[in-house]
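**Student:** Sequence:
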Amino acid sequence: MSTIKFKFDGNLDYQQKAIESVVALFEGQPLANETYSVSIGTQDGGNQLSLGDEEFSNIAAVANQLVLTDELLLENLHKIQEDNNIPLQPELAGHHFSVEMETGTGKTYVYLRTLFELNKRYGFTKFIVVVPSIAIREGVQKSLEVMREHFKELYDQVPYDSFVYDPKRLGQVRQFATSNKIQLMVINIQAFDKARAIMNQENDRLSGVRPIDFIRAACPIMIIDEPQSVEGDTRKMQTKRSQALESLNPLCTLRYSATHKNPYNLLYVLNPIDAYDLRLVKRIEVASLVGEDGFNSTFVGLKSVDNSKGIKARLQINVDEPAGPKKKILTFKQGDDLYLKSKERQEYQHGWLVANISCEPGLEYVEFSNGQVVRLGEELGGLGDELMRAQVHETVEQHLKKEHAVRGKGIKVLSLFFIDKVANYRVYRDDGVTSLGKIGRWFEEAYNELTQKPLYKGLLSFPVEQVHNGYFSQDKGIAKDTSGKTKADEDTYALIMRDKERLLSADEPLRFIFSHSALREGWDNPNVFQICTLNETRSQDRKRQEIGRGLRLPVDEHGERVFDPTVNRLTVIANESYDDFARQLQSEYEEDYGIGFGRVDITAFAKLANPEAKQYTPPGPGHFQDVV
1 MSTIKFKFDG
11 NLDYQQKAIE
21 SVVALFEGQP
31 LANETYSVSI
41 GTQDGGNQLS
51 LGDEEFSNIA
61 AVANQLVLTD
71 ELLLENLHKI
81 QEDNNIPLQP
91 ELAGHHFSVE
101 METGTGKTYV
111 YLRTLFELNK
121 RYGFTKFIVV
131 VPSIAIREGV
141 QKSLEVMREH
151 FKELYDQVPY
161 DSFVYDPKRL
171 GQVRQFATSN
181 KIQLMVINIQ
191 AFDKARAIMN
201 QENDRLSGVR
211 PIDFIRAACP
221 IMIIDEPQSV
231 EGDTRKMQTK
241 RSQALESLNP
251 LCTLRYSATH
261 KNPYNLLYVL
271 NPIDAYDLRL
281 VKRIEVASLV
291 GEDGFNSTFV
301 GLKSVDNSKG
311 IKARLQINVD
321 EPAGPKKKIL
331 TFKQGDDLYL
341 KSKERQEYQH
351 GWLVANISCE
361 PGLEYVEFSN
371 GQVVRLGEEL
381 GGLGDELMRA
391 QVHETVEQHL
401 KKEHAVRGKG
411 IKVLSLFFID
421 KVANYRVYRD
431 DGVTSLGKIG
441 RWFEEAYNEL
451 TQKPLYKGLL
461 SFPVEQVHNG
471 YFSQDKGIAK
481 DTSGKTKADE
491 DTYALIMRDK
501 ERLLSADEPL
511 RFIFSHSALR
521 EGWDNPNVFQ
531 ICTLNETRSQ
541 DRKRQEIGRG
551 LRLPVDEHGE
561 RVFDPTVNRL
571 TVIANESYDD
581 FARQLQSEYE
591 EDYGIGFGRV
601 DITAFAKLAN
611 PEAKQYTPPG
621 PGHFQDVV
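Residue 538 in our numbering sits at position 538 of the sequence shown, and the numbers go up by one each step.
In case anyone wonders, no lab produced these hints; they're calculated from the structure.
Treat the hints with care, since some could be wrong.
In silico DSBU-like links for lysine-lysine, alpha-carbon gap of 30 Å or less [what the hints assert, rightly or not]:
(1) Lys-7 with Lys-236
(2) Lys-194 with Lys-152
(3) Lys-309 with Lys-328
(4) Lys-328 with Lys-343
(5) Lys-152 with Lys-168
(6) Lys-7 with Lys-120
(7) Lys-326 with Lys-421
(8) Lys-7 with Lys-168
(9) Lys-341 with Lys-326
(10) Lys-240 with Lys-194
(11) Lys-236 with Lys-333
(12) Lys-79 with Lys-142
(13) Lys-168 with Lys-240
(14) Lys-309 with Lys-341
(15) Lys-17 with Lys-7
(16) Lys-328 with Lys-303
Restraint-style ranges between C-beta atoms, simulated for each label pair [to be verified]:
(17) Gln-372 with Ala-93: 53 to 63 Å
(18) Gln-243 with Glu-153: 55 to 65 Å
(19) Leu-455 with Ala-93: 37 to 47 Å
(20) Glu-27 with Gly-171: 31 to 41 Å
(21) Thr-566 with Gly-377: 28 to 38 Å
(22) Val-158 with Gln-452: 25 to 35 Å
By construction, the Cβ of each residue, glycine as well, lies at the ideal position given by its N, Cα and C atoms.
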């Protein structure tokens, strides 16, 4: 089976600007190649790490050195910020420096190439990339693999070693410190953020030295990929992980993300408006099968009833929030109106007053004025089978339309489905026999039906069972629901990331990918043109994170990027209304960038299509609305 070979354009202006913004930070730093020496001495019964070559000389470590003062760094920072139209900050916020790049614009390429430029200009040799998840780790590892030849050509065959930290191969850590070649280590934050981690323990194989001490001795330049995820989402976790990051003794820290929470010493910004305006990512369109009056969208779940202090019921309903609807559990009594409690969502406007609450054991329920009854532990409406089946059908049809549109252009089309439960797609029995779940059956039915239409007949020559598959973690051969963070996910992510060239080959039948894990950074592929969210409850993931899985510009069979605007459109088959989707996306842009919609040029924003339910047609000028 043939595989494609990715090609890289090393002269894209915006990428060069991002690289130079970091390199210029060290203007005035001489090209140096000195070494420190590292040894372990004993003091007060414990190990002591020394970086002074006059006192110890047992282990020589080639270390990065910074001779620039903070005053010179701040001066350089101001020059860069002025050049990049970034407000000047009055003082240096430590040695953390931030680069902001929209998803899909080559962030990984930029920071990896930046390391080679720093070596070429200043002689820095030790670099460590810290990532938050297996997905991103696999993505970086894959990037290093496919870019190796490219970097060799750009930088005169400079020798370098790159590896993923493995606690079973600690010799690589020693090599990281002692080699005079460029050393690039990729590591998960979870590998060293706890005292009991092997990284932080004395090790006989390293002459009693802790692995982390070798890294500390090298004074690495540290790159944090997605720092908002590396540092965690709670104050306690942020404190612990910040301390763990500082324990690596970095010369400085370079932070790369599309969504910084703390953009320390900001050097460069390529925000989503710039990316869309420069056509660096796909345009977005939304195919929603949920009408504004609700296509099976009225959702009510009964969580509990209570008559200890008056008769009450706890109901879960959709509530309007600035960022879009969210499911909330609220307390109701007889006569309460779900329309008012939901902040006037239209789905509850007619007949959703609480008429009766039954607390009788075994007969707990709530009855509404329209006659509907919801029993304890049950739900009404929500995202039912009818809607999910229609979404599957719509996604298959959109996929085939895209296949037809790019026929003869050497572009493989992929579609990505996200589901809540593995069993909804594939059922695994104890005897090892598998069968399709409801979503798998719906897919095959839709595929078999649509590929018989004259327009699509013969478009794909593969049998239905070969064109779709699910990427789920395996536990003794049984697929299970996972979060995307556990060790069990490792094989799953490795397959997605490491086989990208094979997946993009036209000879590989797989076109439709079903995944269970949450939508996280790292899940992307340049040739994803359709994303379908099949959660049984409406997705509460951030919209920017959802659409980020398919924003990257596609590649053709020769590995070349495709810049055709008629091709570069990402269709999101949403499980919510167009207005809900657009409102939440707008809110996130405002939150992340301070953008006031309606106060800026609307042509700077992506377009979102709002096709009629069940009657979607290919996008044209009349099908697009501005996100304002």
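**Student:** Of the hints given before, which are not true for this structure?
**Tutor:** 1, 2, 8, 11, 12, 18, 19, 21, 22
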